[in-house]
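Chains as they are written, first to last, in this note's numbering: chain P, 213 to 617; chain C, 213 to 617.
Source of the hints: derived by calculation from the structure; they are not laboratory data.
Incorrect hints may appear among the rest.
[Claimed, not checked] If the Cβ cut is set under 10 angstroms, some of the chain P residues that face chain C in the computed set are:
| no. | residue |
| --- | --- |
| 1 | 233 |
| 2 | 332 |
| 3 | 385 |
| 4 | 386 |
| 5 | 388 |
| 6 | 393 |
| 7 | 394 |
| 8 | 441 |
| 9 | 481 |
| 10 | 501 |
| 11 | 533 |
| 12 | 534 |
| 13 | 537 |
No residue lacks a Cβ here, since even glycine has one placed at the ideal position from N, Cα and C.
There are 2 protein chains.
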Amino acid sequence: MSKQSIKIGLFGFGTVGQGVYTVLGQTKNAHAEIRRICVRDINKPRETVVPHELLTADADDIFNDPDINLIVELVDNARASYDIVTRALRMGIPVVSGNKAMIARHLPELIELQQKYDTALLYDASSCGSIPVIRNLEEYYDNDLLLEVKGILNGSTNYILSRVFDHGENYDAALHRAQQLGFAESDPSFDIDGYDALFKLIIITVHALGRFVPAEKVFTVGISNIHEADIQYAREKGSKIKLVAQVAKVDDSHFTMFVMPELVDKSKYIYSVDDEYNGVVIRGEYYDRQFMFGKGAGGYPTASSILSDIMARLHDYRYEYKKMAYVDRPEYTTDIEVRVYIRYSTTDVPGRLNFSHIHELHLTEQSNCIIGDIPLSRLMEQRDIFDNDDVFIAHIPTFYIDRDN
Amino acid sequence: MSKQSIKIGLFGFGTVGQGVYTVLGQTKNAHAEIRRICVRDINKPRETVVPHELLTADADDIFNDPDINLIVELVDNARASYDIVTRALRMGIPVVSGNKAMIARHLPELIELQQKYDTALLYDASSCGSIPVIRNLEEYYDNDLLLEVKGILNGSTNYILSRVFDHGENYDAALHRAQQLGFAESDPSFDIDGYDALFKLIIITVHALGRFVPAEKVFTVGISNIHEADIQYAREKGSKIKLVAQVAKVDDSHFTMFVMPELVDKSKYIYSVDDEYNGVVIRGEYYDRQFMFGKGAGGYPTASSILSDIMARLHDYRYEYKKMAYVDRPEYTTDIEVRVYIRYSTTDVPGRLNFSHIHELHLTEQSNCIIGDIPLSRLMEQRDIFDNDDVFIAHIPTFYIDRDN
């Protein structure tokens with residue numbers, strides 16, 4: 213496609229789709245135009261006005277248009293997203309997608325399809341909105357030095373926690389406000405239970421270490437059970453609670469990954485990542501820590517990231533997934549000890565979890581709290597305990613302290 | 213060169229060269245090896261021990277070796293660097309270089325040579341050590357949305373200012389310590405007078421806006437005239453003084469750029485970029501601000517950046533300089549008003565500078581201080597005034613406040 217212009221078939225015209233339309237209209241040098249937009253209901257009133265003939269409800273109007281040489285898929289439904297993306301790849305049409313849930317579930321198949329049909333799927337917008345994490349892991353941190361990628365990958369939970377921590381708002385009010393501002397997904401549990409961050413982490417891990425780990429194998433807990441007592445505890449320690457996703461090498465041949473709230477102290481870069489922002493720390497041998505920070509939620513930041521993927525296609529860019537071919541790729545493990553804070557009342561947490569070591573135990577009439585060390589694998593086995601709404605867990609980072617820092 | 217292995221001829225074996233040698237030895241998947249190292253004196257004792265037959269004092273041993281398919285140039289001398297790089301490009305051999313002074317001076321010619329001889333020159337290590345600024349500007353922020361790139365690009369002045377501001381050290385002691393730690397260049401004036409930051413800014417501007425601006429056209433003042441009174445003034449305002457380089461669009465068809473100390477207040481991302489770290493803020497329409505932060509000085513961080521450039525050559529990566537072909541590239545201007553703090557004693561600053569507007573004037577027996585607005589072009593005309601060691605200038609950012617923020 214080099215040097216030619218890009219003719220886009222767009223699927224989905226929600227916040228991000230409309231953002232892409234507006235942003236493309238503003239860039240004189242994009243050499244890209246939207247030829248057709250496929251939506252469910254062409255007559256639905258929309259904030260962004262487009263020529264009526266651009267809209268269609270029939271996907272075939274895009275797939276059968278021989279002029280269209282790029283499909284941009286921004287539908288809010290993982291099944292429909294999968295159908296569109298795989299159909300396009302099978303036809304040899306490159307695709308830009310922002311659907312992290314779909315991509316995180318089907319990445320091995322999507323990689324295979326790209327290779328089989330010699331075409332490209334780009335999805336930098338799927339992780340951390342406007343921050344170019346995937347592209348940098350794929351191209352720039354393309355070597356064996358990488359030790360860890362860790363960060364705040366979900367803008368809406370971070371917004372909620374910022375409102376709670378820095379503005380003294382209660383949790384429900386903060387959630388409601390996040391939804392009003394368009395930061396939270398239509399199903400907020402996707403954000404709040406940590407799945408959005410998990411899907412991004414799975415995609416990041418493929419490009420960081422060349423390993424695909426299915427969602428069900430990753431310990432994932434969100435923020436919905438946070439209580440005033442947890443906020444109080446964090447404040448007393450001079451910390452904030454953030455929802456943190458991380459993948460880290462634990463030795464030369466193993467890595468681990470998980471998503472959970474973390475007690476983040478002031479000395480950490482991510483401590484000051486507030487509101488709807490995302491922040492990612494990339495740590496490696498020799499270069500130590502790199503920190504990238506930017507808007508992680510909202511239509512325009514995501515649209516600008518989609519634009520970067522669109523323009524990359526002008527130069528036939530595709531992910532090479534080089535690290536999947538590396539020798540001595542590290543193996544995934546949950547066989548590591550993590551230190552956690554757990555607050556609970558009626559659930560028998562000490563009985564169920566069998567800590568390796570308990571550092572603190574506070575029992576009061578209102579609630580109890582344990583600080584202890586436990587294998588991540590045991591947390592995985594007993595993960596249903598965290599569905600009980602009297603139980604809240606937060607990670608206390610320790611396990612890399614002896615590696616450097 | 214795709215899929216083949218890279219055989220490197222290395223010029224220069226100082227801190228960074230030795231770092232590259234060590235880092236390459238640690239990466240199993242680099243598919244790159246150093247075939248020959250050209251140094252001035254092969255018998256000089258070095259910290260990193262290498263097989264004696266790797267070393268040569270004769271550049272021809274590299275240029276005449278048909279196996280060598282990449283030259284990595286890390287010599288500490290701009291003239292020698294120019295000769296090596298241009299000779300290699302003319303032979304069609306791709307080059308990785310970290311010499312910002314040489315690149316910033318000769319970039320138009322170096323771009324022409326790359327095109328004429330169909331080969332590549334990569335130099336991401338030349339700007340901000342381990343932070344992938346060039347690559348991201350070239351590939352990811354490859355569109356018309358970019359408004360500004362601003363940051364702390366020089367690790368050694370930042371280290372010195374951090375020692376002075378946060379540790380109450382005096383300036384000379386801090387400079388001495390920076391040199392001991394290997395953060396300062398062999399000629400410290402290169403850092404301290406702002407030239408290192410300027411050269412990086414010139415390179416960044418080519419990849420940010422597609423425009424090459426020669427060094428002599430850019431207003432550049434360093435930190436060597438900073439006094440206790442300036443530090444005191446900044447502290448009273450709750451600010452720090454940092455050496456900041458910036459390029460910014462001032463309207464749709466113009467941009468400006470300059471390097472000078474800045475009074476940075478707490479609300480800014482770069483406020484917390486301390487010690488030898490670099491921090492760069494990339495601002496654009498729609499995505500607002502992105503912040504990248506990492507180690508900007510030192511052998512290993514720079515070496516890891518060189519490694520990224522080396523590995524990019526495995527996939528034939530080269531800069532396309534796309535933005536130089538953009539329609540409606542903005543024009544460089546110094547015809548903008550800037551607000552500055554100037555402290556002076558004997559020099560007739562008000563007489564020479566003819567401020568457009570003076571906001572504050574403090575006259576004391578020890579020293580005087582003006583806060584005023586002045587065209588950048590007038591500062592340029594009178595730039596020799598800042599060679600007087602009783603005059604210190606610091607920028608007070610105002611001119612983009614009305615654009616967003």
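Original post:
Taking the closest Cβ pair, is residue 534 (chain P) under 10 angstroms from chain C?
Top reply: It holds, given that the least Cβ distance between residue 534 (chain P) and chain C is near 8 angstroms, below 10 angstroms.
Original post:
Going by Cβ atoms only, is residue 332 (chain P) closer than 10 angstroms to chain C?
Top reply: 14 angstroms, violated
**OP:** Return the status of the interface hint for residue 537 (chain P): holds when the least beta-carbon distance to chain C is below 10 angstroms, violated otherwise.
**Re:** Because about 8 angstroms separates residue 537 (chain P) from the closest Cβ in chain C, which is inside the 10 angstroms limit, the hint holds.
Original post:
How about residue 441 (chain P): closest beta carbon in chain C under 10 angstroms, or not?
Top reply: Hint on residue 441 (chain P): violated, closest Cβ of chain C at ~31 angstroms, above 10 angstroms.
**OP:** Mind checking the CB of residue 533 (chain P) against every CB in chain C and telling me if the closest is under 10 angstroms?
**Re:** At 12 angstroms from the nearest chain C Cβ, residue 533 (chain P) fails the 10 angstroms test, so the hint is violated.
**OP:** Could you check if residue 501 (chain P) really has its C-beta closer than 10 angstroms to a C-beta on chain C?
**Re:** Constraint on residue 501 (chain P) satisfied, holds at 7 angstroms.
**OP:** Would you check whether residue 481 (chain P) satisfies its interface hint, that is, whether its CB is within less than 10 angstroms of any CB in chain C?
**Re:** Holds - the Cβ of residue 481 (chain P) comes within 10 angstroms of chain C, reaching about 7 angstroms at its closest.
Subject >> Given hint residue 393 (chain P) near chain C, where the shortest CB pair must fall under 10 angstroms >> reply: 15 angstroms, violated
**OP:** Double-check residue 233 (chain P) for me: the hint is only fine if its C-beta lies closer than 10 angstroms to a C-beta in chain C.
**Re:** Since chain C brings no Cβ nearer than about 12 angstroms to residue 233 (chain P), farther than 10 angstroms, the hint is violated.
Original post:
Can we keep the residue 385 (chain P) interface hint, with Cβ of chain C closer than 10 angstroms?
Top reply: 25 angstroms, violated
Subject >> Closest C-beta approach of residue 386 (chain P) to chain C relative to 10 angstroms, hint status >> reply: With Cβ-Cβ at 22 angstroms, over 10 angstroms, it is violated.
Original post:
If you take the shortest Cβ to Cβ gap from residue 394 (chain P) to chain C, is it below 10 angstroms?
Top reply: 14 angstroms, violated
Violated hints for the displayed structure, listed by number in ascending order: 1, 2, 3, 4, 5, 6, 7, 8, 11.
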